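Asks: Here's the letter readout for the chains.
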Amino acid sequence: MKEVVIAGYLRTALSRSRPNEPARDWFCRTRADELLAKLLPEIIRRTGIEPREIDDFLVGCATAVGEQWAYGGRIPIFLANLPETIPAKFVDQQCGSSMAGLHIGFMEIAQDFADVVLCAGYEHMTRVPMGLTNVERGLITPNTTLFLNPEYRHWDMMTSMNMGLTAEKLAQQAGIPREEMDRWGARSHELAARARREGFFRDEILPIEAEQEDGSRLTVDTDQSIREETTLESLRELKPVFKKDGVITPGNASPLNAGASAMVLMSKETARKKGIRPLATLRAIGFAGVDPTIMGAGPVPASRKALEKAGLKPSDIDFWEINEAFGVVVLNCIRELGIDPARVNVMGGAIAIGHALGATGIRLVGTLARILDVKGGRFGCANACVGGGQGVATVIEKEDYPW
Amino acid sequence: MRTDYRSIRVEVADGIAVFRIDNPPVNQLSEHVVRELADAFGAAFREGSVRAVVLTGGGKNFIAGADITQIKDIRSRETLLELLRRNNQVLNAIETGPKPVIAAINGTCLGGGLELAMACHYRVAAPGVDLGQPEVQLGLIPGAGGTQRLPRLIGLPNALDMITTGKPIRAEKALERRLVDEIAPADRLVEAARRAAKAFLEGRMSLALRATRARYERLPSAAEKKALLDFARLMTAAKAKGYIAPFKALDAFERGLHFDIEPDLEMEAELFADCLFSDVARNLIGIFLHTRAAGRLPRIEGIRPAPVRTVGVLGGGVMGSGIVHLLVNEGLQAVLWDIDEKALERGLAGVRATFDYHLKNKKITPEALEAMFRERLTVTTDLSRLKEADLLIEAVVEDMAVKQKLWKELEGICRPQAVFATNTSALPITEMASVLADPGRMIGLHFFNPAHRMQLLEVICAGKTTDQTLATCVAFARAVRKIPIVVNDGPGFYVSRQLSAFMGASIFLMADGVDPAAIESAVVDFGMPMGPAALSDLTGIDINYRVNRTFEMRLGPRWKVHPLTEAIYRTGCYGRKTGSGYMDYSGPQPVPNPKVTAVIQDYLKAHGVAPRRMPASEIVDVMLAAAVNEAAYMIEEGICDRPQDMDLAMIYGAGFPPWRGGILRCADRWGARPIHGLLLELEKRYGPRFTPARRLTDMAREGRTFYPEGA
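Chains as they are written, first to last, in the numbering used here: chain H, 1 to 403; chain S, 1 to 711.
The shape of chain H in the complex, shown without the other chains (with noise of 0.2 angstroms):
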């Protein structure tokens, strides 16, 4: 087996969407296909190969419809103007889709049949809303029968299909208090917002000149989701979303995002030979499904998978980056594998930072490996829960790349 790294990572900015109103986005009019299209060239030519050296492309998105159809992931190619040489794949786990991108990157270069692979993720959560809203549109149409016979009852379509319900669910099962979700979602504004304040995302981050509403251009190259002023008390007053006395609230749950990420992976013996300083080492990947009345439990079993693999114990790991769908699913992870909570998204998580599905799994492995490098680190897991019951993790090893 090669051994596989990350040789370059980029992401735009994430804007809140709001497909209530939807002018108030910063990306409301441009798709995220363009979106991505702008960073496919540039992370290529930052991380320095030519474009006809990558031998797969690998593109996620969690709601594949109208807009965001990408006929097999060849449409982001075209849109760069990148050669037609490079073939592609569209990857589908939901919120997992950009992590499952990597993970079959890896296994291609793993297993020698590809020595550069692109990964990408996108999602404009403005443009194309998730789930009900599909529904009613006619452009998803899930099969009926699943929510009215009584052989499939047990799957509870009517949670399983809201993320918010299957974070109730959790947090009752789990025991987890609201106040902790609040602290937890406050402490993502506090600390992603130090993260943006001292220039972290900075590099990560392509900055994309946007047409507004008003015809104005504007250029986005900050999270718009990311609050400074955010606190545990302005957090306590917000009511419950989902259910009458629930304990999921706008501030201990993702918001609506819109955005794109892109990764290059190669093998370490070609980062070796181009003299390209890699991010991190890719170690084991973990994929596992669970209840999906409880989604937000999938990240422990798909961690411990990774671990396992990779012959770790969660002590071993410096930093953890688990996707704050719900600040739910970050302590009940941190709980049932006994984590150090102060490992755990030390740049604030997706409560603050934003959560476009299908960009989500490369955004948390390349900030995962940025943070091993400026907090000085050796393995990282990053993980996300994944609606349907699922979770995935990826497990990676910063070393020293001597050339």
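Hints in this document: simulated from the structure, not taken from any laboratory. Please note: incorrect hints may appear among the correct ones.
[Unchecked claim] With a cut-off of at most 25 angstroms between alpha-carbon atoms, the simulated PhoX-like pairs for lysine-lysine come out as follows:
id	chain 1	residue 1	chain 2	residue 2
1	S	K72	S	K226
2	S	K225	S	K342
3	S	K225	H	K38
4	S	K560	S	K595
5	H	K89	H	K2
6	S	K684	H	K38
Keep in mind the model is a prediction, meaning the values are calculated, not measured.
Here the structure of chain H is known, so what remains is to put chain S in place on it, guided by the hints.
Replies: Below, chain S alone, put in the same frame as chain H:
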């Protein structure tokens, strides 16, 4: 709730109100209907017992559009904008209202009808109904949100196509594009709409998400919008010539399609006003209204036309076979007569050939075509088989003696009330009728080639044609969906003479050293389908020559054949049919025919004429002045008297650009005085063809116009 509306029938059952719009004849969205709708919806939204509304139409239409007669005479921009604002308020109130409104589209749904349907939350359509925004055809754009709501529902590329061409789509296509949400059989349409209403009431569909203004999943990104509109502008510029509405529609897309629809609706209203107050829209609206009124002459008012079920067609040549096509296709019985079996065979083959296009494009199956022939077409060489015909249309060789002999024979065979119509394009009909015992039954029905496609039917009253004969023929024209323009007998009737005067003026310019190519492009740029040389080559230089000779003979020296015309005729190059005319057609691309070019050059040399550069506008002015002058002569001679009909005839029969309104509309805008002045000048330069008609001289002196309402 209130149910005593003039044009809305209201029934409430089961918490659902059904509003049935009933505004005969075509369910126009007249002002009072809008007012009543506003009132009825207000009441339904207030009233607790009504939980949802189904909106449908009575009769064959849902709503066939706004009432153009109510807005065409608005002269104040503010009045118009106020009217549009009120309409928008009514539609917005429906769209953002508290209760679901379902459009049950029972029939034609055009213009304001579609805009209203798009403000509803759900659309159920009957199979096969047409939905569209045809406003550009009247020089307008949609004025009640059409440019903003349609792209939201079907995407900009589709909306762009529908709005800039004005072409409607069928319900089935509309379902594919999601303009309608469901198709239901006509007799269960309201039932389906009620079901949809219940789905909203039971929470299975969301009012907020369904509102068209809240839907932006098909709105283009900034980059897409720019790319699409840049492309559309190029395409439209290539096609639209003088039309401005398609560009205004593109402006509406470019300046609109914001997430907030409200300012976009106001912007659309402004663009609509720009269109309405343009000459182009006035011309096109005029044509639309005059087309509806064509043939409704005072002299036949109140006369009941005789029913026409069986039509005899004499002669199966090009015109005859086109006419037979028209008849059987429109459901009439046709009896095709020709001189012998061989001619008949050729005629039948000719009729079949006219259906090639329909077969190829699967507009009809071979089986259906055969069935249609079996049921509706009889062929015969025996004149007595025409005995039952209600109408006879003669299209045999253009020979007075042959035609008169045929009519004499038929007079002894046909029923006395049968109408005798000749499709002659040149012979005097009054003279043709003189051999009949009852010349009152004879009339001219001048079809244009190809008869089954050209919309115009020139109806020529001979000296003794009775009003009954005319009334029957006008009704017949309407029944076969032709536009009947009624004129009186005279050489070339109206269209041929008018076109000859217009296009024929080009010979004077050529003889004056103007490059024929410059004339062609000036005329094409003006908006005619082709220039005078191309038209001559198509119809035949020999034919045109003979027509000119006939005019000279019957109209006198003003129509004397020009020596250059004579010289060109003598080359023997008669146009496409001989392989060359003004142009040589032997190569892959037509090129100027050296023979004709040499003849022109020789003429210029012999007369000491130097090449002359003339601006396109001046070329067109000369030709148009000649045309206007001829029209004035024809009015003077009593050939015709209705300017709107004369303009329609040139638009439908000769391809005169509709957006210019017609020759007389152009003349009125130009003014009789300057035209008269130019004619006097041209008379000096080119001779008596340009001598102003007495009538035109009078008009210039008195400052009058052709149209009674003025320019």
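Asks: Hint by hint, say whether it matches the structure.
Replies: Results for each hint:
no.	hint	result
1	S:K72 <-> S:K226	violated, 33 angstroms
2	S:K225 <-> S:K342	violated, 61 angstroms
3	S:K225 <-> H:K38	holds, 18 angstroms
4	S:K560 <-> S:K595	holds, 24 angstroms
5	H:K89 <-> H:K2	holds, 22 angstroms
6	S:K684 <-> H:K38	violated, 70 angstroms
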